[in-house]
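A.B. asks: Residue-level listing of the chains:
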Amino acid sequence: MHPGEAAQTLGAASWRALGTSVVLRVSDPTGLAAARAAVQRELAQIDLACSRFRADSELCRVNARGGRATMGPLLQEAVALALRAAQLTDGDVDPTVGGALELAGYDRDWQLLAEACGEPGPPATVTARLRPGWRSLELDRERGTVRIPAGVKLDLGATAKAWAADRAAAAAAAEGGCGTLVSLGGDIATAGPAPAGGWHIRVTDDHRSDPSAPGQTVSIQSGGLATSSTAVRRWSHNGHTMHHVIDPRTGMPARGCWRTVSVAAAGCTDANIAATAALVRGAGATSWLAALGLPARLVDHRGTVLRVAGWPAENTTVGVAA
Amino acid sequence: MRLHTTHTRDAALGQLRRMNRWLIAASVLLTGAFAEVAAHAFPGKTIKPRSTAGAAAASRKAATETTTAPLAPPAQAPQSSSEGSSAQQPNSSQESAPKQEPAPSQQASPSQEAAPSQESTPSQEAAPKQESAPSQESSTPAQQATPESSGPVVSGGS
Numbered sequence: 000m001h002p003g004e005a006a007q008t009l010g011a012a013s014w015r016a017l018g019t020s021v022v023l024r025v026s027d028p029t030g031l032a033a034a035r036a037a038v039q040r041e042l043a044q045i046d047l048a049c050s051r052f053r054a055d056s057e058l059c060r061v062n063a064r065g066g067r068a069t070m071g072p073l074l075q076e077a078v079a080l081a082l083r084a085a086q087l088t089d090g091d092v093d094p095t096v097g098g099a100l101e102l103a104g105y106d107r108d109w110q111l112l113a114e115a116c117g118e119p120g121p122p123a124t125v126t127a128r129l130r131p132g133w134r135s136l137e138l139d140r141e142r143g144t145v146r147i148p149a150g151v152k153l154d155l156g157a158t159a160k161a162w163a164a165d166r167a168a169a170a171a172a173a174e175g176g177c178g179t180l181v182s183l184g185g186d187i188a189t190a191g192p193a194p195a196g197g198w199h200i201r202v203t204d205d206h207r208s209d210p211s212a213p214g215q216t217v218s219i220q221s222g223g224l225a226t227s228s229t230a231v232r233r234w235s236h237n238g239h240t241m242h243h244v245i246d247p248r249t250g251m252p253a254r255g256c257w258r259t260v261s262v263a264a265a266g267c268t269d270a271n272i273a274a275t276a277a278l279v280r281g282a283g284a285t286s287w288l289a290a291l292g293l294p295a296r297l298v299d300h301r302g303t304v305l306r307v308a309g310w311p312a313e314n315t316t317v318g319v320a321a
Numbered sequence: 000m001r002l003h004t005t006h007t008r009d010a011a012l013g014q015l016r017r018m019n020r021w022l023i024a025a026s027v028l029l030t031g032a033f034a035e036v037a038a039h040a041f042p043g044k045t046i047k048p049r050s051t052a053g054a055a056a057a058s059r060k061a062a063t064e065t066t067t068a069p070l071a072p073p074a075q076a077p078q079s080s081s082e083g084s085s086a087q088q089p090n091s092s093q094e095s096a097p098k099q100e101p102a103p104s105q106q107a108s109p110s111q112e113a114a115p116s117q118e119s120t121p122s123q124e125a126a127p128k129q130e131s132a133p134s135q136e137s138s139t140p141a142q143q144a145t146p147e148s149s150g151p152v153v154s155g156g157s
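Residue numbers (numbering that gives the first Met the number 0), protein chains in the order written: chain W, 0 to 321; chain L, 0 to 157.
Read the hints as simulated data drawn from the structure, not as lab findings.
No incorrect hints appear here.
Over 12 Å on every C-beta distance to chain W, these chain L residues come out as not near it, computed from the model:
no. : residue
1   : Ala-11
2   : Gln-14
3   : Leu-15
4   : Arg-17
5   : Ile-23
6   : Ala-25
7   : Thr-30
A short, non-exhaustive set of chain W residues, derived as facing chain L with CB atoms under 7 Å:
no. : residue
8   : Thr-19
9   : Asp-205
10  : Thr-216
11  : Ala-230
12  : Val-231
13  : Leu-291
14  : Leu-293
Please read these numbers as outputs of a predicted model, since none were measured by experiment.
A virtual CB, placed ideally from N, CA and C, is assigned to each residue, including glycine.
Pulled out of the complex, with its shape left as it was, chain W reads as follows (with noise of 0.2 Å):
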């Protein structure tokens, strides 16, 4: 808190759905329940529509007809979140990773992938890569239809979650009548007013690390913030250390120079996709977000900590333009 500051009540709730831990803050705590409800009532019906990991799923429904599939309006939205990040990325963040994602191991919800690998399987070497690409989808909009190719299975996970956070504030806010903040994982947005001094927001490796892990703390007034990090989410398979992030260009968990990318934006989604595909483009990152006008935090390998666009140092109130 800035000196001077008055302390602000807020009121605060957490609990676990989408397979990761949900964060709940809203300015004024009258109305926590209201923007609770809200949360959960939207967090329900995206889980519904986009789970990879439920087999009642209308994700998992069109993956498995393959072909061309009707949706419903929560999907379609997904979906075409999700071929706009393709787009505006390069194809760094592609949802027809889900067939790589699957041959890397990662082919249930994580806790109980994380069981799984607790038992050692035989050593092996993972060769069969796909590689279809976002370009190879169709949607249409007007009919409610993707025709996805053959073999091919959406992952919506990199833009999902982070449009969930997205709804989930906005329908808080709204309900609640306040402010609120919704962390899903770690991916942040904000809606309505922030309280005295912003959203004060730790950044780090693992979104599951105690506030006073190593990393940076930074305050928000509005939009999101979202950390994509390859040190979390890893497993073993068949003898290889993988992790959740995919480069499609390889179909193989992506090796670039940074460890964790912190992102912030307009809105949660944005600020996710962005942060996302740091990690895949590697080095050329920076310049790609200093162009973007994207505030970031990059940490490489060895622990190295650059900012950009307006990030600020720590523990001052100037930023760093790159």
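Since the structure of chain W is already known, use the hints to place chain L on it.
C.D. replies: Leaving out everything else, chain L in the frame of chain W:
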């Protein structure tokens, strides 16, 4: 007889020429007439494909327009905050100087983070000691009013 035969032949040829002209003119007129009649008789067959193509093109255009909105920067860049900062994070007196950040697995050397043999396994990652947030959560949702000084929200990889 011969003159009569020649005259009759010329007259017949003249009639044939006229008939041919009329037939050609009539066939052109009838072709146009039939085309017009057919066009009006099956308007759906003629117009619908053009309309569908136009709609599809418009749809593609609309999809393109909605999917190409650029990544939007925030209205205001994040500000540095001392909230929740730890003693492990020294202040950066020189903004352009990159700082070194410890690896998440608390390894002694940051360079060890890049070595595959030192990478954490899922079981290590799922260890309760490293999962601060889930361990604080109960099976029933926690809900409380808390002062802002209770700490910042953590943004990290997930």
